[in-house]
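*Asks:* Sequence:
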Amino acid sequence: MCDRLAQGGLSVVSGGTDCHLGVIDLRAWGLTGKSAEMALDEIGITVNKSVVPSDKAGLLVASGIRVGSAACTSRGMGVDEFREIGDMILATLGGVRCGTMNAHTLKAIHQGVSSLTRRYPLPY
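Heads up, the sequence shown is in my numbering, so the first residue is 1 and it goes up one at a time.
Rather than coming from a laboratory, the hints here were simulated on the basis of the structure.
From a predicted model like this one, the values you see are computed outputs, not experimental measurements.
Incorrect hints may have been included.
Said to hold, decoys possible - Listed next, with one range per pair, are the computed distances between beta-carbon atoms:
1) 110 / 61: 17 to 27 Å
2) 121 / 53: 35 to 45 Å
3) 18 / 99: 32 to 42 Å
4) 99 / 61: 13 to 23 Å
5) 3 / 76: 31 to 41 Å
6) 30 / 122: 31 to 41 Å
7) 20 / 124: 13 to 23 Å
8) 80 / 41: 18 to 28 Å
The beta carbon of each residue, even a glycine, is placed where N, CA and C say it ideally should be.
Make a model of the complete structure from these sequences and hints.
*Replies:* Written out as structure tokens, the structure is:
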């Protein structure tokens, strides 16, 4: 997922990750962690705002987000699904960045998230 986000133009703190968590620096896109967290929540993807190195925005706003894969891997999702999730994150944040996000687009992306979770239901 972090690779896909980096391919889409977002900055992955430390250049990548070898574990289930990644921190994405949103400053180059002019977004805050708080606004990204709220937008992604609207489409059904949960992330947490996170401070990044040299962050001046503070803890309550932050300049990054923390993304994780544990919830998705527990559902059985793999590389292809994480690419798909990365694309949905990029589409959402790109729309927010450009000011083109609207209710119709949010609904369409949310339907993609819902479709993915229906294909991979919770194992319990």
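*Asks:* For the pair residue 99 and residue 61, does the Cβ-Cβ distance stay inside 13 to 23 Å?
*Replies:* Since the Cβ atoms of residue 99 and residue 61 sit about 19 Å apart, the hinted range of 13 to 23 Å holds.
*Asks:* Go ahead and decide if the range 32 to 42 Å is satisfied by the Cβ distance of residue 18 to residue 99.
*Replies:* Distance hint for residue 18, residue 99 holds at roughly 35 Å.
*Asks:* Determine whether the Cβ-Cβ distance between residue 121 and residue 53 falls within the hinted range of 35 to 45 Å.
*Replies:* This hint holds: roughly 38 Å between Cβ atoms.
*Asks:* Just tell me: holds or violated, for the beta carbon distance of residue 80 and residue 41 against 18 to 28 Å?
*Replies:* With Cβ atoms ~24 Å apart, the hint holds.
*Asks:* Assuming the hint says 17 to 27 Å, is it satisfied by the Cβ distance from residue 110 to residue 61 or not?
*Replies:* holds, 24 Å
*Asks:* Using the C-beta atoms of residue 30 and residue 122, is the stated range 31 to 41 Å upheld?
*Replies:* holds, 36 Å
*Asks:* Determine whether the Cβ-Cβ distance between residue 20 and residue 124 falls within the hinted range of 13 to 23 Å.
*Replies:* holds, 19 Å
*Asks:* Determine whether the Cβ-Cβ distance between residue 3 and residue 76 falls within the hinted range of 31 to 41 Å.
*Replies:* This hint is violated: roughly 20 Å between Cβ atoms.
Going through the hint list in order, the structure does not satisfy hint 5, though it satisfies all others.
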